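> My request is simple: use the sequences and hints to build the entire structure.
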Amino acid sequence: MATYFVGDLHGCYDELQLLLEKVAFEPTQDKLYLVGDLVARGDKSLECLRFVKSLGNAAQTVLGNHDLHLISTALGIKKVKSKDRLTALFQASDFDELIDWLRHQPLLIHNEKQHFVMCHAGISPDWDLVTAKTCAKEVESVLRQGNICYLLENMYAEQPDRWSPDLQGIERLRYIINVFTRMRFCYWDHRLDFACKSPLKEAPPELTPWFNLNNPIYQDIPIIFGHWASLVDEPTPNGIYALDTGCVWNNRMTMLRWEDKQCFTQSAVKNYHIF
1 MATYFVGDLH GCYDELQLLL EKVAFEPTQD KLYLVGDLVA RGDKSLECLR
51 FVKSLGNAAQ TVLGNHDLHL ISTALGIKKV KSKDRLTALF QASDFDELID
101 WLRHQPLLIH NEKQHFVMCH AGISPDWDLV TAKTCAKEVE SVLRQGNICY
151 LLENMYAEQP DRWSPDLQGI ERLRYIINVF TRMRFCYWDH RLDFACKSPL
201 KEAPPELTPW FNLNNPIYQD IPIIFGHWAS LVDEPTPNGI YALDTGCVWN
251 NRMTMLRWED KQCFTQSAVK NYHIF
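Numbered as in the UniProt record's numbering, the sequence shown ends at 275 without a single skipped number.
None of these hints come from the bench; they were simulated from the model.
A quick note: this is a predicted structure, and the numbers were derived from the prediction, not measured.
Certain hints may be false.
Across the chosen pairs, the derived CB separations fall in these ranges [stated by the list, open to error]:
(1) H104 x V80: 15 to 25 Å
(2) S54 x Y187: 40 to 50 Å
(3) Q145 x E171: 35 to 45 Å
The calculated lysine-lysine pairs, modelled on DSS-like cross-linking and capped at a C-alpha distance of 30 Å, are [said to hold, decoys possible]:
(4) K53 x K81
(5) K197 x K133
(6) K22 x K113
(7) K137 x K79
(8) K197 x K261
(9) K261 x K137
(10) K133 x K53
(11) K270 x K79
(12) K78 x K197
(13) K113 x K53
(14) K113 x K133
(15) K22 x K78
(16) K201 x K113
(17) K201 x K270
(18) K113 x K78
(19) K78 x K133
(20) K22 x K53
(21) K261 x K53
Think of the CB as a built atom: it goes at the ideal place given N, C-alpha and C, for glycine as much as any other residue.
Below is the structure:
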């Protein structure tokens, strides 16, 4: 019995299957965790969603920014981007069922027994674990049964950029979504930055990766995340596992086996022509 984590799929279904073959994944015994962004840019988003959903309790994903964007396009809030290659998904007979399944996935997973947390982009430098879990549940509740259209219509903004427990309403929910699904760099005073997508060595000195800031949670419990493909081959602090290694950008997909921390990789099997 083994526990595996895999980086952003982005519709790269073939590479996922090759990785699962490499580790001899057995869904009746093993567990697969996915860091979100199952869809978009690759050409098999439909297959990725169907497969992860079909695994039932043997798999668990968190929501990424592309997953939330898919839900918003399914509800007619945003337009589908041609580069996301979602035509087959939107034409699928089980499209509504897949979208309903997706909107019921969490933003954060905390496994006390195996001692890890997993999210798509990261955890706010101003949160402890209790706050992170509470904030995740607030957004999840709206996605599953609240005024989801109002939330999705108003989540595409970059303010507020700093956490306060006094935040309320859509501003509070937007900050939570931005942290869990979009965060990369922060200012040293903990404000979020969304403009810089440079490699770490080219980032301006006033910015630093979120996990470099002084938050005890970053040292207290391992954090597994994706989202940030340009971190590929960059060192991260102990206990910080960055698994998006840019398969859809013609790099590779990475899988981590939790029990011995061994990584397995699969190079992109095709040129996705997304540049």
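> All the hints need checking, so say for each whether the structure fits it.
Hints, one by one, checked against the model:
1. Hint check: H104 to V80, Cβ distance near 22 Å, so the stated range 15 to 25 Å holds.
2. For S54 and Y187, the hinted distance range of 40 to 50 Å is satisfied, since their beta carbons lie about 43 Å from each other.
3. A hinted range of 35 to 45 Å is violated for the C-beta pair Q145 and E171, which are about 21 Å apart.
4. For a cut-off of 30 Å, the pair hint linking K53 to K81 stands: about 24 Å separates their Cα positions.
5. At most 30 Å may separate the alpha-carbon atoms for a hinted pair to count; K197 and K133 meet this at roughly 27 Å.
6. Proximity of K22 to K113 is assessed by CA-CA distance (about 26 Å); at most 30 Å being required, the pair is judged to hold.
7. Our distance criterion of 30 Å between C-alpha atoms is met by K137 and K79, whose separation comes to about 27 Å.
8. Only pairs whose Cα atoms come within 30 Å are accepted, and K197 paired with K261 is accepted, the gap being roughly 28 Å.
9. Taking the CA atoms of K261 and K137, the gap is near 29 Å; set against the 30 Å cutoff, the hint holds.
10. This hinted pair checks out: K133 and K53 have alpha carbons roughly 23 Å apart, not beyond 30 Å.
11. Straight-line distance between C-alpha atoms of K270 and K79 comes to about 27 Å, which keeps the hinted pair within the 30 Å bound.
12. Our distance criterion of 30 Å between C-alpha atoms is met by K78 and K197, whose separation comes to about 23 Å.
13. Between K113 and K53 the CA atoms are separated by roughly 24 Å; this keeps the pair inside 30 Å, and the hint holds.
14. Only pairs whose Cα atoms come within 30 Å are accepted, and K113 paired with K133 is accepted, the gap being roughly 16 Å.
15. For a cut-off of 30 Å, the pair hint linking K22 to K78 is broken: about 38 Å separates their Cα positions.
16. Proposed proximity of K201 and K113 is contradicted: the alpha carbons are some 37 Å apart, above 30 Å.
17. For the given pair, K201 sits about 29 Å from K270 by alpha-carbon distance, which is consistent with the 30 Å threshold.
18. Our distance criterion of 30 Å between C-alpha atoms is broken by K113 and K78, whose separation comes to about 39 Å.
19. Simply put, K78 and K133 have alpha-carbon atoms about 28 Å apart, close enough for the 30 Å limit, and the pair holds.
20. Restraint check for K22 and K53: the C-alpha separation of about 21 Å stays at or below 30 Å, so the hint holds.
21. Taking the CA atoms of K261 and K53, the gap is near 25 Å; set against the 30 Å cutoff, the hint holds.
The structure fails hints 3, 15, 16, 18 (numbered hints given earlier, in ascending order).
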